[in-house]
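*Asks:* Next come the chains, spelled out residue by residue.
Protein chains: 2
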Amino acid sequence: MRRGGDGSGLARAVVEVQSVADIQGVLKVARKYHLPVIPQTTATSTVIGSDGIAGGLILSTRKMAQILEISKDDSLAVVQPGVVNGDLDQAARKQGLFYAPDPASKPFSSIGGNVSTNAGGMSTVRYGATKDNVLGLKVVLADGRKVTLGGRTLKQAFGYDLTQLFVGAEGTLGIVYEITVKLMPIPLGTSIMGLAFFKDMAQLAQGVTAIRMSGVYPTMLEALDGNTIGALDKYEKTHYADKSGAMLIFRLDGSSDANIQVLKDLLAKYDAQDVQVTADEDEQAQLIQLRRDMLPAVFAGQNHLMEDMALPLSQLAPMMAYIQQVGHDLGVTIYTAGHAGDGNVHPTLVWPKDQPEVPGAVLEALRRIFWKTLELGGTISGEHAVGMMKNQWNQPELDDNVDYLQHQLKTLLDPMNLLNPKRKIN
Amino acid sequence: MRRGGDGSGLARAVVEVQSVADIQGVLKVARKYHLPVIPQTTATSTVIGSDGIAGGLILSTRKMAQILEISKDDSLAVVQPGVVNGDLDQAARKQGLFYAPDPASKPFSSIGGNVSTNAGGMSTVRYGATKDNVLGLKVVLADGRKVTLGGRTLKQAFGYDLTQLFVGAEGTLGIVYEITVKLMPIPLGTSIMGLAFFKDMAQLAQGVTAIRMSGVYPTMLEALDGNTIGALDKYEKTHYADKSGAMLIFRLDGSSDANIQVLKDLLAKYDAQDVQVTADEDEQAQLIQLRRDMLPAVFAGQNHLMEDMALPLSQLAPMMAYIQQVGHDLGVTIYTAGHAGDGNVHPTLVWPKDQPEVPGAVLEALRRIFWKTLELGGTISGEHAVGMMKNQWNQPELDDNVDYLQHQLKTLLDPMNLLNPKRKIN
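Which chain is which? The protein sequence lines are D and P, in order.
Remember, the working numbering sits 48 above the position in the first sequence when you count from 1.
Remember, the working numbering sits 48 above the position in the second sequence when you count from 1.
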């Protein structure tokens with residue numbers, strides 16, 4: 049959340065644009081003086097994706113924050129990039145619809161940032177990530193040209209899918225200034241949320257697989273490991289960790305009593321303990337808050353790095369076990385939670401507050417975890433993107449031909465390498 | 049389904065490749081002698097997307113038709129391009145999963161072709177089109193390089209989304225030789241299908257909107273206009289058209305009794321007549337067959353052009369009315385059906401069998417319908433792609449900057465314009 053600089057020096061200026069003409073103006077100056085342009089909205093990237101660069105221009109679309117349209121009839125919204133995710137969702141709910149992608153940063157991250165990172169969230173397991181919910185984009189390219197990609201239709205088979213090329217491009221290919229997103233109808237039927245505790249993460253993973261395969265189409269399957277439960281206990285003054293090595297937070301939307309019973313039966317079959325299920329909205333809000341409290345609970349009084357890998361579903365449990373082993377071997381405390389329903393894992397590695405440098409053991413743990421992820425067929429970025437934190441991993445993650453192809457595309461669209469340089473692909 | 053030629057002359061050869069090395073070999077010859085390469089599997093394109101070109105090489109991956117893997121644990125399949133959609137679906141169902149995209153050509157079109165056109169289908173309204181179900185691709189580029197795009201994870205935020213660039217590219221950017229697709233668990237709960245009849249299409253469209261918005265998440269909402277019902281009556285010896293101007297075929301999967309009741313109540317509210325609902329599998333298969341019979345019923349004994357536009361949801365009814373008006377004004381018989389749940393319309397324009405040339409009035413009707421589609425914010429290709437049938441519409445459909453950008457990408461990936469030339473973008 050450092051708006052101006054990244055330690056390599058302060059940006060030359062922060063320009064808060066308010067129109068397409070403003071964006072084109074900034075790019076014109078950048079081309080003339082060969083200045084890096086760093087697109088930014090709420091500056092909440094977790095991978096150093098939008099911090100300033102020495103001598104560069106921060107192009108902030110934070111003030112382009114209008115919801116331009118919510119169309120109930122077309123089930124979509126048109127927004128400017130600075131609109132906060134949660135604000136759009138609330139506005140949609142007033143019309144009986146909702147905006148599905150729900151990153152942990154939902155209360156404060158912007159749709160523009162979500163698009164640029166292809167943000168996921170807890171309910172990606174049912175509704176997909178940001179890319180699955182974007183219908184169209186308006187973009188200013190590095191040369192100042194405006195392009196309109198996609199549109200207002202749910203089906204589209206005309207041109208190349210350039211919309212998806214810009215989703216997740218982290219501002220390296222153009223400046224997004226308008227976004228059309230799908231809105232979903234609120235599912236009919238009972239919504240329930242619940243908690244369940246398992247002996248360990250392997251057992252939890254088996255339960256999660258069984259629930260997925262049962263065809264109940266859950267909206268949320270969140271896993272927290274023993275360390276994380278311990279941190280939450282401290283923070284919430286609870287005693288969950290006394291009896292469990294793994295916690296599952298689950299949600300079913302628009303479900304029938306029969307489906308809810310199947311879920312309960314599966315939890316029992318996989319030896320879940322202290323299962324709580326509630327259809328009460330306030331109690332559900334408390335459970336979501338419990339999941340959100342995980343981060344402050346884990347971060348409290350410690351330096352930390354939170355990571356983000358996605359695995360093939362069957363590799364979630366082996367990965368969880370491996371992370372625990374690495375922590376043990378290297379003497380690094382690691383808290384692991386994840387969106388178990390789609391194989392997305394977030395280990396948080398911590399070290400003492402009074403130690404400003406990242407310890408060697410933490411870096412080594414990360415290195416081992418990333419290599420293991422790739423070995424298991426996973427990706428080292430599931431929903432947080434690349435930024436400056438992971439671009440040195442381009443070659444093992446992508447094959448060399450793909451790395452080369454990415455640079456060919458980047459050079460085509462931004463031949464002066466003005467847009468968010470040293471991020472994502474470089 | 050003309051494998052060899054398109055009327056401009058026969059292709060020089062049809063090469064049935066069986067390996068990546070074969071594909072690379074064909075491309076090497078093509079580069080050396082500057083020969084067009086036409087990728088083809090089952091050759092069932094509806095937009096002249098894979099017919100031969102005089103002097104070119106047809107690169108057929110029809111014999112690369114192995115299901116390489118069905119992974120229940122990872123909920124995915126890995127297939128070669130020649131695998132037929134329906135065969136993959138059947139194989140998945142044996143493991144309690146299914147492959148969701150279901151184009152009308154499901155029994156005979158290939159996954160490779162479905163990927164190249166971003167094929168949709170009846171249940172796209174719930175499960176998305178092909179692009180929403182592809183996790184990864186392996187592709188040989190025009191220069192012979194192999195690239196591996198995407199992979200086996202459900203979330204992915206590392207590189208540019210090149211997978212989606214190749215889905216729907218109609219073989220103009222590379223030759224796809226391996227495809228990883230999502231498989232979905234079979235929804236738990238009751239599956240019902242049914243029929244309902246409405247006074248007219250406008251009334252049907254209102255009912256469809258209400259059903260969508262109710263949150264029951266239907267799997268199918270198929271609309272057939274009066275002309276189509278009449279053709280079906282002739283074909284099936286039924287008398288549906290006597291009492292109705294519009295027919296709706298619907299499906300709910302994994303639903304509760306409560307949801308089914310809501311659906312019935314909405315149908316009643318919008319004056320649906322003769323509503324039939326069945327949970328019986330055989331009767332459901334008959335309803336799907338009825339929908340599938342629509343095409344032979346309409347085509348019977350006539351020359352025809354079937355079109356494919358997608359509209360913003362609210363514009364479906366106005367578009368249906370406009371099509372009817374155009375048919376009336378120009379004296380052209382038009383049968384219109386569509387995937388009403390996602391705004392996708394298929395008008396079929398017919399003329400006498402003894403008249404080989406497309407009549408001027410038919411061409412004029414199409415021209416008017418396409419312009420109206422664009423005026424209403426739609427696309428003139430929802431799920432059939434562009435081929436040689438619609439590439440002359442690139443400029444009104446896409447803005448000129450996007451048209452130019454498409455050519456920049458094409459030139460980057462295929463600088464000699466070898467891959468499926470004169471299609472899609474040219």
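Simulated from the structure, these hints should not be mistaken for lab results.
Any given hint could turn out to be false.
[Claimed, not checked] Which bits of chain P does chain D cover? Going by a derived footprint, with three or more residues having C-beta under 8 Å, they are:
| # | stretch |
| --- | --- |
| 1 | 210–219 |
| 2 | 233–242 |
| 3 | 300–306 |
Glycine included, every Cβ here is placed at the ideal spot set by N, Cα and C.
*Asks:* For this structure, which hints from the list above don't hold up?
*Replies:* As far as the earlier hints go, not one is violated by this structure.
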